[in-house]
Amino acid sequence: MTVRFKPALAAVVLALGLGSLSQAQAAKRLTAPDPDWTGGLVTCLVAQKIIEEELGYRTKRITMPSGPGVFEGVRNGDLDFACESWPSYNPAGNKYITEFGGDGSVAYLGPTGIVGASGYYVPRYVIEGDAARGIPASAPNLKSYKDLNQYGHMFKSLESGGKGNLIGCPVAAWLCDDQKRLDMLGVDYHAQSMGSETAHWAEIQAKYKRGEPFVAYAWEPHWIHAALDLVSIELPAYDESKWPATTWDRDVTHFHGSPKMLDEHPDVVHVLQKMDLTNAMQAPMIYAVDVKKEDIEEVVDDWLAANESVWRKWLP
Amino acid sequence: MSAVVDEREPSWLHNLWIEHRGWVVAGGLLLVSLVIWALHGGQTVFPQMLVENFPFAEKTDEFDAWVRPYVQPWTRMIGAGTVWLYELLVDFLIFTQWQIVFVILVLPAFAYGGLRLGLLAIVAVSSWLVLDFWDESMETLSLMSISILIAVVIGTLLGVMASQNDRFEAFLKPVLDTMQTLPSFVYLIPAFYLFGIGPPGAILATVIYALPPVIRLTNLGIRQVPAGIDEAATSFGATRVQSLLKVKIPLAMPSIKLGINQTVMMALGLVVLATFIGSPGLGDIVYTGLQRLNVGKALEGGLAIVLMAIVLDRVTYAMGHVEQSGSGKHDHVFRLFPQSLENFKPVLYLEYGIDAAWRTIAAGGRFVAAMVTAAVARTVALIDSDFAARLREAMLARSFLLASLVLILLLMLLDNYTDLFGKFPRDWEYRFRTPVNQYMDELVTSKVFYAITTSIKEGLYFGLINPLNQFLMGLPWWYLTAVLVAAAFLFSGRALAIGTVVGLLFIGAADLWLFGMKTLSTVIVSVLICFIFGVPLGILAAYNRTIESFVKPVLDTMQTLPVFVYLVPVVMLFSAGQVSAVIATVIYALPPLVRCTTLGIRELPEQINEVTSSFGASVLQTLAKIKVPMAIPAIMVGVNQAIMMALAMEVVTPLIGGQGLGMQVFDGMNRASIGISLQAGIGIVLLAIILDRLSQAWTATQRRAMGLA
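From first to last, the protein sequence lines are chains C and V. So for the first sequence, this note's numbering puts the first residue at 1; every next one is plus one. So for the second sequence, this note's numbering puts the first residue at 317; every next one is plus one.
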């Protein structure tokens, strides 16, 4: 029991560590962040696995929340490329990507093939009821935003003060303008922000499990549609001049990355430009991961093995 | 006749005033405030002219963009250095056979804390293997070790400097206050682009967060060395530096070690947040678990973090108390379980068994150490017998280290020349995420439980939160400012009054007044609930050792469990919003209040019981009339800490629907604007400092009134 134990031990640890240091660092190494939602992760893994297995790269994957952090990382050269960026939700991207009016410090690398659509949804049991679970239809004639007012009392919550409650966009920086949209469309509801995506889906899932009626913002493709049976509510068609009194624009999602990529790794950029993973291809993979709880790596490997003719076309 | 009435009436009022002056003033103030609130109506509006001419956020963003190219090359160099260190350590831990790493990690716990702590360390390290989080745990451990190392080196240095120079200390104090209360989300993103993605940014952010306790306690420890000792040293001809190095710092060592212990705990608090800038480790497990609403997985990660925190806490604490605990000689039989189980035979046999095994191992270790010492001493004696004698003595004094090194060397040789060691067997792995998730599902769908949570939710919202929101947001800003400034002036003095004015004007001018009021109401409601539950619990624990031994581990877990682990369950049960924010805050802020209450009651002199019972007072009377009033200063320290923790929680609760200043910090982060998040972060810091100083000043006046100061 000696007092000098720790420093001596630290010295030994460090000396041993020096010996086992890995020395060789491959030149063909890329760093990419794992998106924190299943759809994005599937897209990213498909791209990464093709780049690794067919072009001989190694990619280092980093877990971090999507958003400005990723853009900062790409801009600083810490990250080489990022997958499935949704233009509607990344105001930070507009500052950097030339195609969106930015300064060019982040390069646009090509569309992923996934096209996103956002809107307001209700569980199917709200409209049709669910005999098996003993839930009556609480809003049988709900089809479009115009019908929301007559069902306001069904959707009220603690903090909405008697009005109907919309579980709106969880993150203020996504600029959804939910309350403004409701006001402009004459829907007398309160738009509540849950503060984070996690809380948003947790709230929706809990309400669904209890069979409560709710109206919530969501987007497609997303695993929530694999887990819960949601029906979209009609909103006026997208029109930039009338925004936000319309639905969202179609989100043509894209890869972006460091401008260095264009010169240094043209083969990778080629794959990312040619890649065209459609919503229909992604949806079963999301279902397998989030509903059947299969391992995401295996799901993507299986897809790659079964669809070689599809992704071969993306190679240079 | 009339003279008597005249005398009685003023004396009744007079008595009320003398005995309950505080309550009379508070009641009067509340009445006036309610009248003003009712007259004012609607939400208060800060003068728009001030708001429009306050470009703090824009200027900060401009400055940030301008300064970045100059600073970044240097910070990147520092980042590269820390990454090198990190990878060195993590590669060693991950690529070495797990059995060897296991032994290396567990031995220090045995060395400093004896058998009991050693067993705890074995449980903790095994849990990482069993849960299959080995690599993640090694990453987190490396991240923590390097952050703590840097924080301790810089912290003791700054602490020593502060102890030698009053002006430097005065300069450092507000800086440290800010570092401790500024939400880490504010500097997470800057740390990330200045120092690099992943480990370097996370390490530097952790250092900033964990630095204050070492600095404070080093400074305090050196300053508390009695002046006489210093004089004695200098009178024997020691220079100032000699006196500092040879006398003062060694005497301040217990305090410095306590500071290191606190720093370790703070550093572990940042494990999950570091994931936000891409750092690997256990935080990753918790974060991805929550992102997929996999409560069980997040809980597994949280448990691994809690065990790491508890072992690191106990080991660093034991390091500070090595002298007292003796050299590990234990004369009585080892006790693993509470003494009440003593008559239960299997427990006794188990304890005897462990004890015997431990004694055998210890004897074996001493024998090996003696053999090695003898061999080395003999060899050296051939050259220099004098040196050999000294070496022999030094080696014998370090017999534990010697035996440990021999053991590690032996294991490494075995690893190199045999195939004895394999991977950790898959069959031994165990995960409890599925049952947890199933249980969670049952809770969420349970009708009875839902009725309970709904009534709690509605009661809290309509009974407390909403009225307080309306009241605080409706009070005119100038009125609230005037009240707080007057309180600051009365309890403390001119300096605090000026500080309060400036702070509140900043919050108003940054257009954050209403957010600030929401923050304030969340904090007030949370601390109130903490008080209602915490103080009785603390009193019970002070009276009953069994309750205390039950409460203590629960409090430890509440303090070290990453808050992210319970965010999702709270949302699922109470639905996102201010109620969830309050509940999560209460869970986080309760422990210090319970601890301080227990301590405050227990520290009262024993004679009180004898005196009061000899006067015929019951236990309850003694408690209510004597003990609780006397413990008020200690309880107030707990309240003060609860307020600080509730404010710290303010940046996490926006994730579950909290509406205050913290939401603005997040918004700034999501918009990649340091200006917006810094401004809101400063708002939280200012509120924290004002509330902290006010409650401390009030406690000080109370102590004086009771003659304790």
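Please keep in mind that the hints were generated in silico from the structure rather than gathered at the bench. Predicted model only: the values in this text are computed from it and were never measured. Keep in mind that the hints are not guaranteed to be accurate.
[Said to hold, decoys possible] One-sided excerpt, in silico: chain C residues whose CB lies under 8 Å from chain V:
hint, residue
1, D36
2, R58
3, M64
4, G73
5, G152
6, M154
7, L158
8, G162
9, W201
10, E203
11, P266
[As the list claims (entries may be wrong)] Distance windows between CB atoms, simulated:
hint, chain 1, residue 1, chain 2, residue 2, range
12, C, G102, V, W382, 39 to 49 Å
13, C, A132, V, D731, 22 to 32 Å
14, C, T98, V, D731, 40 to 50 Å
15, C, K60, V, D757, 35 to 45 Å
16, C, T98, V, E745, 18 to 28 Å
17, V, L347, C, R210, 52 to 62 Å
18, C, M184, V, W794, 33 to 43 Å
19, C, K293, V, K763, 39 to 49 Å
20, C, R58, V, D731, 20 to 30 Å
21, V, A802, C, T98, 52 to 62 Å
22, V, F660, C, K60, 36 to 46 Å
23, V, R747, C, A237, 23 to 33 Å
24, C, V115, V, W382, 45 to 55 Å
[Said to hold, decoys possible] Here are a few chain C residues that face chain V, going by a calculated C-beta distance under 8 Å:
hint, residue
25, G129
26, D130
27, G134
28, P136
29, S160
30, P316
Where is the CB? At the ideal position from N, CA and C, for every residue including glycine.
Hints versus structure:
Among the interface hints, the one on D36/C holds; its C-beta lies about 5 Å from the nearest C-beta in chain V, closer than the 8 Å criterion. Look at R58/C: its Cβ only gets to about 16 Å from chain V, farther than 8 Å, so that hint breaks. The interface hint given for M64/C holds, since its Cβ lies 4 Å from the closest Cβ of chain V, which is under the 8 Å cut-off. Taking 8 Å as the C-beta cut-off, the interface hint given for G73/C holds, the closest approach to chain V being about 5 Å.
Taking 8 Å as the C-beta cut-off, the interface hint given for G152/C is violated, the closest approach to chain V being about 18 Å. The closest approach between the C-beta of M154/C and any C-beta of chain V is roughly 16 Å, which is over the 8 Å cut-off, so the hint fails. Interface restraint check: L158/C against chain V, minimum CB-CB distance 5 Å, threshold 8 Å, status holds. Look at G162/C: its Cβ only gets to about 13 Å from chain V, farther than 8 Å, so that hint breaks.
Interface restraint check for W201/C: the shortest CB-CB distance to chain V comes to about 6 Å, inside 8 Å, so the restraint holds. Of the supplied interface hints, the one on E203/C holds, with its beta-carbon coming within about 5 Å of a beta-carbon of chain V, less than 8 Å. For P266/C, the suggested interface contact is broken, since its CB lies about 24 Å from the closest CB of chain V, more than 8 Å. Between G102/C and W382/V, the C-beta spacing of about 19 Å breaks the proposed range 39 to 49 Å.
In this structure the supplied range 22 to 32 Å is violated for A132/C paired with D731/V, their Cβ-Cβ distance being about 59 Å. Distance hint check: the CB atoms of T98/C and D731/V are about 55 Å apart, inconsistent with the given range 40 to 50 Å. Checked against the hint of 35 to 45 Å, the C-beta distance between K60/C and D757/V comes to roughly 36 Å, which is consistent with it. Under the hint 18 to 28 Å, the C-beta atoms of T98/C and E745/V, about 49 Å apart, miss the expected range.
Take L347/V and R210/C: their Cβ atoms lie about 44 Å apart, and the range 52 to 62 Å is violated. Remark: the range hint 33 to 43 Å for M184/C to W794/V is upheld by a beta-carbon distance near 36 Å. At about 27 Å, the CB distance of K293/C to K763/V disagrees with the hint of 39 to 49 Å. The beta-carbon spacing between R58/C and D731/V, approximately 28 Å, falls within the hinted interval of 20 to 30 Å.
Between A802/V and T98/C the C-beta distance comes to about 57 Å, which sits within the given range of 52 to 62 Å. The hint said 36 to 46 Å for the Cβ distance between F660/V and K60/C, and at roughly 54 Å that hint is violated. Range check, R747/V to A237/C: Cβ separation about 48 Å, and the 23 to 33 Å hint is violated. Our hint of 45 to 55 Å for V115/C and W382/V is violated, since their Cβ atoms are close to 39 Å apart.
A cut of 8 Å between beta carbons decides the hint on G129/C: the least distance to chain V is about 18 Å, and the hint is violated. Because the beta carbon of D130/C sits about 14 Å from the nearest beta carbon in chain V, more than 8 Å, this interface hint is broken. The beta carbon of G134/C comes no nearer than 12 Å to any beta carbon in chain V, farther than 8 Å, and the hint placing it at the interface is violated. With 8 Å as the threshold, the beta carbon of P136/C stays out of range of chain V, its nearest partner Cβ sitting at about 16 Å, so the hint is violated.
A cut of 8 Å between beta carbons decides the hint on S160/C: the least distance to chain V is about 10 Å, and the hint is violated. Hint on P316/C is violated. Least Cβ distance to chain V is approximately 28 Å, over the 8 Å limit.
When held up to the earlier numbered hints, the structure conflicts with 2, 5, 6, 8, 11, 12, 13, 14, 16, 17, 19, 22, 23, 24, 25, 26, 27, 28, 29 and 30 and fits the remainder.
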